[in-house]
Structure formats: structure tokens, C-alpha cells
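Kindly produce the complete structure, drawing on both the sequences and the hints.
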Amino acid sequence: EIVLTQSPGTLSLSPGERATLSCRASQSVSSTFLAWYQHKPGQAPRLLIYGASTRATGIPDRFSGSGSGTDFTLTINRLESEDSAVYYCHQFGGWAFGPGTKVEIK
Amino acid sequence: QVQLQESGPGLVKPPETLSLTCSVSGASIDNYYLHWFRQPPGKGLEWIGYMYYSGSTNYNPSLKTRVTISVDTSTNQFSLELTSVTAADTAFYYCARSPMGTFYFDYWGQGSLVTVSS
Chain P
1 EIVLTQSPGT LSLSPGERAT LSCRASQSVS STFLAWYQHK PGQAPRLLIY
51 GASTRATGIP DRFSGSGSGT DFTLTINRLE SEDSAVYYCH QFGGWAFGPG
101 TKVEIK
Chain B
1 QVQLQESGPG LVKPPETLSL TCSVSGASID NYYLHWFRQP PGKGLEWIGY
51 MYYSGSTNYN PSLKTRVTIS VDTSTNQFSL ELTSVTAADT AFYYCARSPM
101 GTFYFDYWGQ GSLVTVSS
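Protein chains in written order, with the working numbering: chain P, 1 to 106; chain B, 1 to 118.
Check the hints yourself; a few may be wrong.
Unchecked claim - Take a look, some chain P residues computed to stay more than 12 Å from chain B by CB distance: (1) Glu-1; (2) Leu-11; (3) Ser-14; (4) Gly-16; (5) Arg-18; (6) Gln-27; (7) Asp-71; (8) Asn-77; (9) Leu-79; (10) Glu-80; (11) Glu-82.
To be verified - Here are the simulated DSSO-like cross-link-like pairs (lysine-lysine), alpha carbons at most 30 Å apart as the crow flies: (12) P:Lys-40 / P:Lys-106; (13) B:Lys-43 / B:Lys-13; (14) P:Lys-40 / B:Lys-13; (15) B:Lys-43 / B:Lys-64; (16) P:Lys-102 / P:Lys-40; (17) B:Lys-13 / B:Lys-64; (18) P:Lys-106 / B:Lys-43; (19) B:Lys-43 / P:Lys-102; (20) P:Lys-40 / B:Lys-43.
Please keep in mind that the hints were generated in silico from the structure rather than gathered at the bench. Beta carbons are placed, not taken as given, at the ideal position from N, Cα and C, and that holds for glycine.
Here it is as C-alpha cells:
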């Protein structure tokens, strides 16, 4: 089974800065199957990116996804306080998600 | 506006059966895959399994012997049953859907905390 590793574990940044989140797979993953989700406490997880780079409906263009093979990146430009959350990557078909990156806004 | 909402007992005794229902509003569940996930407190997300609205299923091998997902298209709901629960099954349980032919979960429920304790 493919194992997803995310780094860093926690990212603490100021409003307006850029966040770069990494998702690494233990073996090559088709970009078609790679998605990113945002999860805030007490809320439903939200789909951000699918197909590694396609923004879901209603997602601001501050969020972008890239990568292929074993290395994928979620970039959040111009951070806002509402971006505080845990971000997960997932390979559709894999039973486990990545461990998540917690983004804290100072 | 599509919404999913989990419901069910918040406390289950071992080794009883955990039962949750996901009610979907704002759209029919026809032509969707319907999923269940869980997240033990402080741990990662785990995909429990899924069912196509017409009845085919696929379960996480680690839970396969204890899990049943079912659907009721007449009420636009689907359900999760997990038998022989232990404290290790204490978790937030989430439901979600994915459109047929896609490879992501586009709408999720807010989650329901189920504690397994005697």
C-alpha cells in the first residue's frame, strides 16, 4: 500500500505570507488520484484540489496544487486568518490519508 | 446546497455494534459513491469503505470483517455498522460522497464522535 508523508507537521506563518505544504508518496501516484483537503475543528473537511492541480468549485485562486510522481505540493498564497486548519493529501484508492500539516496563522 | 449529516449514538459499549446514519440533503444520492471515514482523537484520517448507490461495496481490509455499509435511496440516507467494537474504535466518524467517475470526495459531513466505553 502507498504511504503518504506530509511535511512540515506544523507551519506557523503571518497573514499575507505564502505556505508551501509537501506530500510525498512511497511510490509513484497518478496525479489523477491525488487530492488535498482542508479540515477545521468541528467542521466538515473541504475539498480544495483534485487531480493534483485542479481547484474545486468555490476555492479561491490563492490555493494551488502541483506535482507528479511521488512529490506533490499545496501552495497557499497571501495567507488569511481563515486558512488556519489541518491540510491532508490523499491518493484515491489508498485507505489512509497523509498525517496532515497544521497551518497556524500568527 | 448539498449537506451531509451524521447521526447516531455517541456512546457504544464493547463489544456491541456501532451504527451511524448519514442523511444527504440538497441532492440525490443516485449516481454517487458513498463513503465512511474515521479519525481517532489525535490520529490520522482512515477511509473505512464505500458503497455505490446501486449496492456494490468495498471495505478497508483492516476492518472488512466487521463493517457493513448500506444505502436507502428512498430516504436519501446511507449507514455504517461496525460490529464487536473496542476502545480502539473510538473516533470521529465522517460520511462523504464522490461523484461517479471521479477520484475525490466533494462533500463531507461534520462528523460524529463515537466513544466506545463500558
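A quick look at each hint next to the structure:
Look at P:Glu-1: its CB is around 9 Å from the nearest CB on chain B, not clear of 12 Å, so calling it non-interface is violated. The claim that P:Leu-11 is not at the interface with chain B holds, since no C-beta of that chain comes within 12 Å of its own (minimum 17 Å). Listed as outside the interface, P:Ser-14 is consistent with that label: its C-beta sits roughly 27 Å from the nearest C-beta of chain B, beyond the 12 Å cut-off. Even its closest Cβ contact with chain B, about 29 Å, leaves P:Gly-16 beyond 12 Å, as expected for a residue assigned away from the interface.
Interface exclusion of P:Arg-18 from chain B stands, the closest Cβ pair being 24 Å apart, more than 12 Å. Against the 12 Å criterion, P:Gln-27 stays outside the reach of chain B, whose nearest CB is about 17 Å from its own CB. For P:Asp-71, the requirement that its beta carbon stay farther than 12 Å from each beta carbon of chain B is met, with the minimum near 19 Å. No beta-carbon of chain B comes within 12 Å of the beta-carbon of P:Asn-77; the shortest separation is about 22 Å.
With 12 Å as the threshold on Cβ separation, the claim that P:Leu-79 sits away from chain B holds: the shortest Cβ distance comes to roughly 23 Å. The Cβ of P:Glu-80 lies farther than 12 Å from every Cβ of chain B, with a closest approach of about 22 Å, so its non-interface assignment holds. P:Glu-82, annotated as away from the interface, keeps every beta carbon of chain B farther than 12 Å; the closest lies near 17 Å. About 16 Å separates the Cα atoms of P:Lys-40 and P:Lys-106, which keeps this hinted pair within 30 Å; it holds.
Proposed proximity of B:Lys-43 and B:Lys-13 is supported: the alpha carbons are some 22 Å apart, at most 30 Å. Between P:Lys-40 and B:Lys-13 the CA atoms are separated by roughly 29 Å; this keeps the pair inside 30 Å, and the hint holds. Between B:Lys-43 and B:Lys-64, the direct Cα distance comes to roughly 20 Å. Compliance with the 30 Å bound is thereby established for this hinted pair. A hinted pair counts as satisfied when its Cα atoms are at most 30 Å apart, and P:Lys-102 with P:Lys-40 qualifies at roughly 10 Å.
Of the supplied pair hints, the one linking B:Lys-13 and B:Lys-64 holds, its CA atoms being roughly 20 Å apart against a limit of 30 Å. For the suggested pair P:Lys-106 and B:Lys-43, the alpha carbons sit about 24 Å apart, so the restraint of at most 30 Å is met. Proposed proximity of B:Lys-43 and P:Lys-102 is supported: the alpha carbons are some 13 Å apart, at most 30 Å. At most 30 Å may separate the alpha-carbon atoms for a hinted pair to count; P:Lys-40 and B:Lys-43 meet this at roughly 15 Å.
In summary, the structure is inconsistent with hint 1 from the numbered list given earlier, while agreeing with all the others.
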